[in-house]
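J.: Below, each chain spelled out in residue letters.
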Amino acid sequence: MTTHTTVTDLSTPVLGTALVPQADTKQTGKDFTSDQEVRWCPGCGDYAVLKAVQGFLPDLGLRRENIVFVSGIGCSSRFPYYLDTYGMHSIHGRAPSIATGIATAREDLSVWVVTGDGDALSIGGNHLIHALRRNVNMTILLFNNRIYGLTKGQYSPTSEAGKITKSTPMGSVDHPFNPVSLTLGAEASFVARTIDSDRKHLTSVLAAAAAHRGTSLVEIYQNCPIFNDGAFDAIKNPDTKADAIIPLVHGEQIRFGATLEDGQGHKCLVRDSGGGVRVAEVSEVAAEEILVHDAHNPDPTLAFAISRLTDSGYLNQSPIGIFRQVLRPTYDDQAREQVALSGGQGDLQALIDGGDVWTVDA
Amino acid sequence: MTVTPEKPIEQVERVIIRFAGDSGDGMQLTGDRFTQETAVFGNDLATFPSFPAEIRAPQGTIPGVSSFQLHFASRDILTPGDHPDVLVAMNPAALKANVDDLRKGAVIIVDTHDFTTRNLAKAGYADNPLDGDSLADYQVHALDLTGMTIEAVKEFGLSRKDAARSKNMYSLGLLSWMYGRPVEGTIDYVSTKFARKPDVRDANIAAFKAGYHFGETTEAFAVSYQVKPAEAPKGRYRNITGNLALSYGLVAAGRLADLPVFLGAYPITPASDILHELSKHKAFGVTTFQAEDEIAGIGGAIGASYAGHLGVTSTSGPGVSLKAEAMGLAVMLELPLVVVDVQRGGPSTGLPTKTEQADLLQAMFGRNGEAPLPVVAAQSPADCFDAAVEACRIAVTYRTPVMLLSDGYLANGSEPWRLPDVAALPPIEAGFATGPNHVSTAKDAKTGEETETADFWPYLRDPETLARPWAPPGTAGLEHRVGGLEKADGHGNISYDPANHDYMVRTRQAKVDGVRVPDLEVDDPSGAARMLVIGWGSTYGPIGAGVRRVRDRGLDVAQVHLRHLNPFPRNLGEILKRYDKVVVPEMNLGQLSLLLRAKYLVDAESRTNVRGMPFGAEEMEKILLESLADLGITQPGTADVLTAEEALR
Ligand code: SF4
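Which chain is which? The protein sequence lines are A and B, in order.
Per full-length UniProt numbering, the very first residue in the first sequence carries number 1; after that it's consecutive.
Per full-length UniProt numbering, the very first residue in the second sequence carries number 1; after that it's consecutive.
These aren't lab readings, by the way, just hints derived from the structure by calculation.
A portion of the hints provided could be inaccurate.
[Claimed, not checked] Derived CB-CB ranges, DEER-like:
1. A:Y47 <-> B:F365: 50 to 58 Å
2. B:R578 <-> A:G355: 40 to 48 Å
3. A:Q334 <-> B:R75: 50 to 58 Å
4. A:Q334 <-> B:T117: 28 to 36 Å
5. A:Q334 <-> B:K228: 17 to 25 Å
6. A:H175 <-> B:P267: 43 to 51 Å
[To be verified] With the C-beta cut set under 8 Å, the calculated list includes, among others, these residues of chain B facing chain A:
7. Q36
8. G215
9. R238
10. I295
11. A301
12. A307
13. R481
14. G484
15. L485
16. G490
17. N493
18. Y496
19. D497
20. A499
21. Y503
22. V505
The beta-carbon is built from N, C-alpha and C at its ideal position, and this holds for glycine as well.
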């Protein structure tokens, strides 16, 4: 395992929530539950994520009034209404820009963005990539159900090619985005993928994302039983999931599939001669060839190569876990530092009186 | 040693000078420096820079001409003037592009150096105009300014090309002599600007001084002129452009409200200087966010306002179009926000470097649904300061997005600014919510016992202003959710109830309608005017100049100018009804007149110009005379157009 030094010597904190006030008393999930009736369709994956978040927030231990959830438009973007924190349900695709304003203005807030595949990757694609490149201290939960739910079932930018929907009766001719590849390409400092139905994994990823200083992007596979049911069946079905999920755990060999005697999967990832990564049988490669996951590698190349193992059609195979987690300076810390360095004591009268001034004493 | 005989000095009341050259010739800098010299001297002044949209349009061509016009006088003036008395033309294209604006007898100073066959052809001259008699109506001084500059700076060992670059300073020196300008400011300026390049610094100073001495000694110029300082109210002054004054206004408003200012902006002509300027003022707690696009600019500003900062976004018309949806969100969220629109010629990309005021209706109505917001407009470069403070005051007081309208003419034009005493500016009350504002009662189903809990209702309004509470995150007990979906009155939860929507739409309108704005004061010295001329924004100067000229003819005309476009001042309707005729000059196709006609049922007469240029004083005079003639009012005695000498304004 190689260790990496951080990109710069950060004088600012390295914990995402470092400047957010801690709660005085222990909180419960109920404290974070608003009085609003939850209105997703029965069986929607959003319920599970909401429960997981409500269960996780007390563990985060922050003051409720210092937490802000910002969302865009779409089914998942109703999220803020159901949490008893500060929140804004904004407009389609723009949540990352609004959250950038909030996070830059206030170091004492824990800022969360809730978005979907249409909101984040279609109408708001520009804001997403720019938030990631700036590395604003916030956590983005990208609910990917691979369909437009709220507008009743059109294909989305993550729908598989050929998908037949209301707007594509002969099949979609769009090539889908792989959200992890996209966000790694935007040089996101934290990229993870998890699944709505796996509360334990989801919670562990949320904890890591919240702890990360900078923009954390968490793609959550979320089932939409109404318009895209079964999109994630291969990774949820107990019979197939061992082969479908490629688990990524920092510092551990990347192995999956039915377990061998050593308790780990019979398949593994190895470097491919073409520069990428491929799946191999553990029995057919030397032990040192098996990739050990290194989420802290400053070079995102390998993480990107792993992300390419995600099926773009039916999800027979998908890496799950934290792809990348590296420290680099955040936009908001640096912006605040520039303001702080300037002293904040500007003399307004002197500013106005600057330049070539003359006096008329009539 | 021969002593240069003192040349006679002629007194003049006002002068209009236009410096014109290739966009790489440094004409803006020359104009700027001459303006500073003039300001410090104490003349009243108004400037009008004009430059191509391209950064470096093809050299020597008409589209590549950049110019700077300055009007200065020993009395107060309102416009940069219609017809230059002096044109400085650095190449054939500059001469060709500007000569038609001159009146007979005007002075033309031409740098002959570039009058080569090739450059004449580029400018579209078949023959050299300096040879024939096409310029016979003017006093032409054909001088090899470039050659004289190269000669003057030869000791500094610069290349010929670099030496020639100082020609703008040579011509500035010459003009500074002609009008007796103080030169120390320019020498200091050059010394500071080129402190790290001593040879360039010394060459520029030498060229400047050489130009000045050339004026003193040459026989080409028999006299120099004096324009005495203007009388002005007591105080301290500086010359300022609209964009700078507007930026200072935003900084000042942040101080007055004790709020950090957050500007989210995407670069766009002619608003970018506001972003540049505010980015320098971090010491005032100003944060600037250069966003990935116009929408993110306003998004960041909305987020900052939600978080308790004074959110501002600055742009021009095309950017306002992109921000429309987010402005609607801000209307719904009822948070303070200032949207600065430095208007330019439209539609679409239009005329980026030219002026227009055709975004008024966009400002008023350019959003989906009923989305009213207050609209404030600046009327002169220095006034941009007051307009910006006013926009922020309304935004904070009423928790509303406010549109602040400036335009390209105000943004880049300049005038003397009487410096305000900061301590005398009234504070702006941010008044954040600090605790619960409502008591809910609940009945226990079993015991029937009533319990009371204090809670926070984000849409419970101040009865006077109808403003809702501003509760930035961080205060316990005030956790609440806002958003673009319709909110129920009071508690602010999502509501699709028809009656509630009707109520909320009307309430948001009533809040904007109820913004307190000062009553208008009509300028009608004789009290006998039958015609009112009304304008808004940057037409203030030209309308004022036109009105003066008409009054100089002994005719009565009343004038009023709007700072507040939404809501209109309370007494506007009553004022409009007092006059037999209402004339509305605008740089659009009649947007204010449309609003006045709709709201007050007056037969407002629209007079418009969309050439990308401000109205001229003479043009405005003609408009007003025509409108007066319609009322049967004509000048007693001669009806001839006043000569330039008579119409001194
Ligand atoms: S449409 Fe799909 S994503 Fe939307 S609430 Fe219903 S189940 Fe959930």
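J.: Against this structure, judge whether each hint is valid.
T.: Cross-check of the supplied hints:
no., hint, in the structure
1, A:Y47 <-> B:F365: 50 to 58 Å, "violated (41 Å)"
2, B:R578 <-> A:G355: 40 to 48 Å, "holds (43 Å)"
3, A:Q334 <-> B:R75: 50 to 58 Å, "holds (52 Å)"
4, A:Q334 <-> B:T117: 28 to 36 Å, "violated (56 Å)"
5, A:Q334 <-> B:K228: 17 to 25 Å, "violated (53 Å)"
6, A:H175 <-> B:P267: 43 to 51 Å, "violated (32 Å)"
7, Q36, "holds (5 Å)"
8, G215, "violated (23 Å)"
9, R238, "holds (5 Å)"
10, I295, "holds (6 Å)"
11, A301, "holds (6 Å)"
12, A307, "holds (4 Å)"
13, R481, "holds (4 Å)"
14, G484, "holds (5 Å)"
15, L485, "holds (6 Å)"
16, G490, "violated (14 Å)"
17, N493, "holds (6 Å)"
18, Y496, "violated (12 Å)"
19, D497, "violated (15 Å)"
20, A499, "violated (21 Å)"
21, Y503, "violated (21 Å)"
22, V505, "violated (18 Å)"
Of the numbered hints given earlier, the model fails hints 1, 4, 5, 6, 8, 16, 18, 19, 20, 21, 22; all others are met.
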